[in-house]
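Colleague: Listed below, chain by chain, are the residues.
There are 2 protein chains.
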Amino acid sequence: MDKLTVEPSESLKTKRTELRRFPKKGAYDRRTINAILDEGFVCHVGFVHDGQPFVIPTGYGRDGDTLYLHGSSASRMMRALSKEIPICVTVTLIDALVLARSVFNHSVNHRSVVILGKASLVEGEEKEHGLTMLTNHIVAQRWTDTRPPTEIEMKATSLLKMPITEASAKIRTGPPGDDDADYELAYWGGILPVRTAFDPAIDDGRLLPGVELPKYLVDYHRGPSEDR
Amino acid sequence: MDKLTVEPSESLKTKRTELRRFPKKGAYDRRTINAILDEGFVCHVGFVHDGQPFVIPTGYGRDGDTLYLHGSSASRMMRALSKEIPICVTVTLIDALVLARSVFNHSVNHRSVVILGKASLVEGEEKEHGLTMLTNHIVAQRWTDTRPPTEIEMKATSLLKMPITEASAKIRTGPPGDDDADYELAYWGGILPVRTAFDPAIDDGRLLPGVELPKYLVDYHRGPSEDR
Numbered sequence: 032m033d034k035l036t037v038e039p040s041e042s043l044k045t046k047r048t049e050l051r052r053f054p055k056k057g058a059y060d061r062r063t064i065n066a067i068l069d070e071g072f073v074c075h076v077g078f079v080h081d082g083q084p085f086v087i088p089t090g091y092g093r094d095g096d097t098l099y100l101h102g103s104s105a106s107r108m109m110r111a112l113s114k115e116i117p118i119c120v121t122v123t124l125i126d127a128l129v130l131a132r133s134v135f136n137h138s139v140n141h142r143s144v145v146i147l148g149k150a151s152l153v154e155g156e157e158k159e160h161g162l163t164m165l166t167n168h169i170v171a172q173r174w175t176d177t178r179p180p181t182e183i184e185m186k187a188t189s190l191l192k193m194p195i196t197e198a199s200a201k202i203r204t205g206p207p208g209d210d211d212a213d214y215e216l217a218y219w220g221g222i223l224p225v226r227t228a229f230d231p232a233i234d235d236g237r238l239l240p241g242v243e244l245p246k247y248l249v250d251y252h253r254g255p256s257e258d259r
Numbered sequence: 032m033d034k035l036t037v038e039p040s041e042s043l044k045t046k047r048t049e050l051r052r053f054p055k056k057g058a059y060d061r062r063t064i065n066a067i068l069d070e071g072f073v074c075h076v077g078f079v080h081d082g083q084p085f086v087i088p089t090g091y092g093r094d095g096d097t098l099y100l101h102g103s104s105a106s107r108m109m110r111a112l113s114k115e116i117p118i119c120v121t122v123t124l125i126d127a128l129v130l131a132r133s134v135f136n137h138s139v140n141h142r143s144v145v146i147l148g149k150a151s152l153v154e155g156e157e158k159e160h161g162l163t164m165l166t167n168h169i170v171a172q173r174w175t176d177t178r179p180p181t182e183i184e185m186k187a188t189s190l191l192k193m194p195i196t197e198a199s200a201k202i203r204t205g206p207p208g209d210d211d212a213d214y215e216l217a218y219w220g221g222i223l224p225v226r227t228a229f230d231p232a233i234d235d236g237r238l239l240p241g242v243e244l245p246k247y248l249v250d251y252h253r254g255p256s257e258d259r
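Keeping their order, the protein sequence lines are chains S and Z.
Numbering of the first sequence is given in my numbering, commencing with residue 32 and proceeding in unit increments.
Numbering of the second sequence is given in my numbering, commencing with residue 32 and proceeding in unit increments.
One thing to keep in mind: the hints can contain errors.
It does not matter which identical chain is used: a pair holds within one copy or between any two.
Claimed, not checked - In silico lysine to aspartate or glutamate, EDC-like type, Cα no more than 20 Å apart, as pairs: (1) K46 <-> D81; (2) K55 <-> E182; (3) K186 <-> D210; (4) K114 <-> D81; (5) K44 <-> D81; (6) K158 <-> D94; (7) K149 <-> E115; (8) K201 <-> E41; (9) K56 <-> E70; (10) K114 <-> D126.
The hints are simulated quantities; they were obtained by calculation from the structure and are not laboratory data.
The task is simple: from the sequences and hints, build the whole structure.
Modeller: Shown next as structure tokens:
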């Protein structure tokens, strides 16, 4: 990747993605946004159909400045999105419940990204590349450790790509922010940490003799990664 | 609550919430939908502003057939939603990564709810009730163990309610569903369980002498609950 495209100062802020209420919680640089996108693996896609917004959870992948989404070619969402309508893709990581002494100052520590734009259908060589990126985003190294898709399966799957060009991150960290006077009150204040836990893998009881749990599943973890 | 309103057969299915692609994964009864809503505590709200859909994560609460959302009275989202525009509220619980022998049959075990409708501002006595339900949905018993809101804080907070009348749940459970022939392949198949973990609470170092960690934080857990 060209070094110029990962300049830390590159901003994805627009009037539409600018945080107005708590500007200090906002971030717009690609490095911060990519770290959140790389730690998550489920996004919520918003689109409008017949005047009604829909929000649907789905997996995603990232390759540089491109976000990949996939789904059944027959699905309502994929058919709607492939018409290049305005969409919003949101990824949310929850880090803690924030318990203040006042009920008003309660909060949730979180890191979220909102991306605005349009997605378009991917065909040809880029389609297999994008599906590889998406699969390996969710489980690193998995693409090459499965039966590859047939031509019919490829046709039954739609892949969409969305440029990550208009976006914002919102981040809240740290302890509660109580009003000064409230620290004199005898209520408990602090955080309850929250994380996404991955428990040991469970095989489906139909493994061929000699098939062992792959190392990438033994070591499975998610987190900011420069190289993923 | 009137027993009639919790009849297990009550369906929230409409043409707009009906699952078309995988009808067997769909559920529309209030009991199933409520169990998912009660286990989760973060929803993604979809709304349209100037033709652009936005998807924003936020906390929520439930009281019977009513969903409560709150936020700053000054926020863009709350001001938009209070105009009673069409919205979508989605709650997603992730249970496992599903690793099939074919890349095509990979999936994610999940339980999600999509609610369509409009929200409206709550004022007066119901506002404090709704905020209590919302607070206690996220941390049971917390409302009465904090400094209550002042009049100014109440004005700075908007509460919205949305009837849970048009909705669907989508549920995927179990092992991968590989094609028959693929079970003869030497790839690992099974699931990687995923859950939201809550770690021990951490105080903010500013507790008054004698203030102990409340029992509801020691015992904190989430899950389907008939009585929450």
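Colleague: With 20 Å as the alpha-carbon cut-off, assign the pair K55 and E182 to within, between, both or neither.
Modeller: Result: close neither inside a copy nor across copies, 49 Å intra and 26 Å inter.
Colleague: For K114 vs D126, is the C-alpha pair at or below 20 Å within one copy, between two copies, both, or neither?
Modeller: Neither: 36 Å inside a chain and 32 Å across chains, both beyond 20 Å.
Colleague: Using 20 Å as the alpha-carbon threshold, which applies to K44 and D81: within, between, both, or neither?
Modeller: between (29 Å within a copy, 18 Å between copies)
Colleague: Measure nothing new, just compare the shortest in-copy and cross-copy C-alpha distances for K56 and E70 to 20 Å and report within, between, both or neither.
Modeller: Within one copy only: 19 Å inside a chain, 27 Å across chains, cut-off 20 Å.
Colleague: Cα distance capped at 20 Å. Does K149 pair with E115 within a copy, between copies, both, or neither?
Modeller: within (5 Å within a copy, 26 Å between copies)
Colleague: Please sort K186 with D210 into within, between, both or neither, judging by C-alpha distance up to 20 Å.
Modeller: between (58 Å within a copy, 17 Å between copies)
Colleague: Is it within a copy, between copies, both, or neither that the alpha carbon of K46 lies no farther than 20 Å from that of D81?
Modeller: between (26 Å within a copy, 12 Å between copies)
Colleague: First find the shortest C-alpha distance between K158 and D94 inside one copy, then the shortest across copies, and answer within, between, both or neither for a cut-off of 20 Å.
Modeller: For K158 and D94, the Cα distance is within 20 Å only inside one copy (12 Å; across copies 45 Å).
Colleague: Please work out whether the CA atoms of K201 and E41 approach to 20 Å or closer within one copy, between two copies, in both situations, or in neither?
Modeller: within (17 Å within a copy, 39 Å between copies)
Colleague: Can you give me the call for K114 and D81, within, between, both or neither, at a CA distance of at most 20 Å?
Modeller: both (14 Å within a copy, 19 Å between copies)
Figure legend: structure checked against the earlier numbered hints; hints not met, in rising order: 2, 10.
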